[in-house]
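Asker: This is what each chain is made of:
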Amino acid sequence: MSEIKNKDKTTRRDFLTTVTATVGAVGVGAGVLPVISQMNPDSSVKALASIEVDLSKVKEGQEITVLWRGKPVFIKRRTKEEIQKAQQANLNDLKDPQDDKLRVKKGKDEWLVVLGVCTHLGCVPIAGKGDYNGWFCPCHGSHYDTSGRIRKGPAPTNLEIPQYEFVSNDKIKIG
Amino acid sequence: MNIKDSFFRLRYFVVACLIFFFTNISIAKETNIELLKQNWSFDGFFGKFDRTSLQRGYQVYKEVCASCHSMKQVSFRNLSEPGGPEFSEAEVKALASQYEVTDGPNGEGEMFTRKAKPSDKFKSPYPNENASRAANGGAYPPDMSVIAKARPGGSDYLYSILMGYEDKVPDNIKLEDGVYYNKYMPGNKIRMAKPISEGSVTYSDGTKATQEQIAKDVVNFLTWAAEPHLEARKKLGFKSVVYLLILTILVYLVKKKIWLRVEPKV
Amino acid sequence: MNDQTSKTSKEHFEPVHTNKVGGSPFTGVTGWIDNRLPIIRMFRHEYLDFQVPKSLSYFWSFGGILTICLLLLIVTGISLGMHYKPDANQAFDSVEKIMRDVNFGWLIRYAHMNLASFFFIAVYLHIFRGLYYGSYKEPRELMWLLGIIIFFLMMATAFLGYTLPWGQMSYWGATVITNLFSAVPVVGDFIVTWLWGDYAVGDAALNRFYVLHWLIAFLIVGVVVFHVIALHIVGSNNPSGIEPKDTRDTVSFSPFTTSKDLLAMLVFLLIFVAVMMYAPNYLGHPDNYIPANPLVTPAHIVPEWYFLPFYAILRSIPDKLMGVVAMVSSIAVLGLLPWLDFSKVRSSVFRPIWKQCVFLFVLDFFVLMYIGGAPAEGIYLVIGRIGTAFWFAFFFILAPLVSIIEKPLPMPASIHEFEDWKKQGKIKTIRLFNK
Chain A
1 MSEIKNKDKT TRRDFLTTVT ATVGAVGVGA GVLPVISQMN PDSSVKALAS IEVDLSKVKE
61 GQEITVLWRG KPVFIKRRTK EEIQKAQQAN LNDLKDPQDD KLRVKKGKDE WLVVLGVCTH
121 LGCVPIAGKG DYNGWFCPCH GSHYDTSGRI RKGPAPTNLE IPQYEFVSND KIKIG
Chain B
1 MNIKDSFFRL RYFVVACLIF FFTNISIAKE TNIELLKQNW SFDGFFGKFD RTSLQRGYQV
61 YKEVCASCHS MKQVSFRNLS EPGGPEFSEA EVKALASQYE VTDGPNGEGE MFTRKAKPSD
121 KFKSPYPNEN ASRAANGGAY PPDMSVIAKA RPGGSDYLYS ILMGYEDKVP DNIKLEDGVY
181 YNKYMPGNKI RMAKPISEGS VTYSDGTKAT QEQIAKDVVN FLTWAAEPHL EARKKLGFKS
241 VVYLLILTIL VYLVKKKIWL RVEPKV
Chain C
1 MNDQTSKTSK EHFEPVHTNK VGGSPFTGVT GWIDNRLPII RMFRHEYLDF QVPKSLSYFW
61 SFGGILTICL LLLIVTGISL GMHYKPDANQ AFDSVEKIMR DVNFGWLIRY AHMNLASFFF
121 IAVYLHIFRG LYYGSYKEPR ELMWLLGIII FFLMMATAFL GYTLPWGQMS YWGATVITNL
181 FSAVPVVGDF IVTWLWGDYA VGDAALNRFY VLHWLIAFLI VGVVVFHVIA LHIVGSNNPS
241 GIEPKDTRDT VSFSPFTTSK DLLAMLVFLL IFVAVMMYAP NYLGHPDNYI PANPLVTPAH
301 IVPEWYFLPF YAILRSIPDK LMGVVAMVSS IAVLGLLPWL DFSKVRSSVF RPIWKQCVFL
361 FVLDFFVLMY IGGAPAEGIY LVIGRIGTAF WFAFFFILAP LVSIIEKPLP MPASIHEFED
421 WKKQGKIKTI RLFNK
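Listed in order, the protein sequences are those of chains A, B and C.
Be aware that the first sequence starts at 1, since it is given in our numbering, and climbs by one per residue.
Be aware that the second sequence starts at 1, since it is given in our numbering, and climbs by one per residue.
Be aware that the third sequence starts at 1, since it is given in our numbering, and climbs by one per residue.
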């Protein structure tokens, strides 16, 4: 009879200890959360996570650079020849094949918006230079075409297209 | 001897507590006068801000106070964040765009002005403290960002000051030029003329703009500006205290069980 | 002719074993580690099986509470440090940024600020335990001295930390306290300029205060390690003041004292969280929400509450240098207590006169705390001077005098007999802090 009693006591004590330990662990976890979370971008950084850019003053053939999330974004208003060259490129020649249509917004193919960060090791390519009339990265000699695609050189992928949308006819919101 | 001991101990303990308590009263002594205490909606363990009051308070700040007082730590986007006036994002965008802020340098190396965005901080009436003093006869209208925490008595103090202007100045007080009498200002002299009276603002929601109402609304707003996370803090506080109470009781039971091994008689 | 070979039979070289690997009771990976670095068996010996007096009251839990406070202060401090800017033009704003923009920044900042206060609440209760129960006596004198060093380091860290938000109290408190060094004869002014790196407290001072705040905080960790090692050599004192003699007097540290300490920590944490969440600025001063202004001095410069008694002692002495000497020695004199109080009886439970003296000392502590927050004039100054006089009299007059004239109460022979006496109602201890 007492043996059963002892057994009950043991399981009850273990249960209590287990419950307490679990409740305690939840608290420790909840306490650690703010410490980890504070390293995430704070609300002033997140407020600048999107920017609006007015395109009304950008002429045909002109390119502007804006700073977005600490990185340069090239916004180019392409000429007819540049668009043609981009659309007619043979996809087999491309290291990172991608149709130009996929790199612009529908009906707005004169606007090219790319991150001005070389996909090799992060330098900022120079506009209007290079063998493909796009951009040329001086660090290790990557050549990008008029669609920002890698043609020659060590960079593995095309210049990244950031998330953006036209909020009006001449204004885009990036991010 | 034993009872005498515990009596002594109790007496010292009580006296010690009283002294500790009085230590805090000494700060109140500085203000020398009983403030007009209000029942603020944000007081207490479950305090919350009155959203419409905060919105009206912002209007008061904007129309009355902002011409002299900066509020540099607050951003326009704070006005739409939870726990505050909670204007809509569109409203905040519109509010912000009423102001011009300096930005730059541009491509030519020049500073330029542009419409403020929600991510910008509130625009200050003066570029720096010196300009502010020069425009206000040498007095500096303090920044309002944390004023509710920067004065003993906090929100009650701010309310008292706004309501504390009196036409009849006591005989023993001599006022210089540009100085006014205020019942609740330490020293009774204040360089700010009475900022609000009945009808100083017209509320778009139809609330009657008595002096008390305007004062309450702007003090609510100032309190939020100083403590934008007040609601989150009190909410989390409640959860934390309840959680710790539960955990303490559980650990107490575990501890008692463990100690039964040493002394079976609890 | 080779000396080595011809004399080997006469010359004897002591064998040397630098390899001490082995001796672990563990096997497997645990054993592999433990054989090479015996921390696992050390942990078991020091923190699990360690024998501890069974009569410990909750007054003994403050050591553990202080450790938790220190740990949390470091964690919250590091989190704050990732966002704080130690530049006179940016400091105040960076703290506001933490409060408004950083995720949970308000929580971490309020936690750090209130933990500092609670750290001192715990340390004062911890020291009171030492005073009342004679924990400073032989063989624990060195532990006591290490504790006093920790206390000085704590005050330095707290003072430096308070300057960082660069509010009015930060700035003027820094000015007043660093100016104290000008009291040093001959080189005083040079020392002050050297501390400031400028002709007044400013950006140069703030930057170095930030670095020193971090440095001294980690120095505290180091001295605490020594303090705890010393504890493990001399063993804990206990409310009876009698050393343990056999296993009837002790329990193993784990799970008995660990569960008790955990409970005490939780109660402490509960009070701390309640204050931090519902009255986070109660223990602070509103003036510190006014940005530092070198041209305007606040009406009353008041240090944080935990410094008030010593501030009162400082202001009691009309002479600048002697005031500083009095303030520093009011704490340093604690270090002399093991020799000033030479009664062979440890615990005040059995010392009827010394017990009253200790309570008067505690009362004096609170009186001086009140005086420290009041203007230094009139009746406040008089009381402050009486309080200061009593403080030193407690150490230099009462301690040795009481050691000589006091007749201690009859004492039990052992700890377990002490426990029996308590159950029989023969002795009363501070009931609130018993099991």
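Keep in mind that the hints were calculated from the coordinates and are not lab data.
Among the hints, erroneous ones may be present.
Estimated spans, in silico, between C-beta atoms of each pair [unchecked claim]:
1) C:L48 to A:V19: 46 to 54 Å
2) C:I78 to B:K174: 15 to 23 Å
3) A:A30 to C:D203: 36 to 44 Å
4) C:D93 to B:E63: 55 to 63 Å
5) C:G202 to B:S124: 57 to 65 Å
6) B:R133 to C:G81: 29 to 37 Å
7) C:L360 to A:G31: 50 to 58 Å
These stretches of chain C come out as covered by chain B in the derived footprint (C-beta under 8 Å, 3 or more residues) [stated by the list, open to error]:
8) 99 to 110
9) 250 to 260
For glycine and all other residues, C-beta sits at the position ideal for the given N, C-alpha and C.
Asker: Output the indices of the hints that this structure fails to meet, ascending.
Answerer: Structure breaks hints 1, 2, 4, 5, 7.
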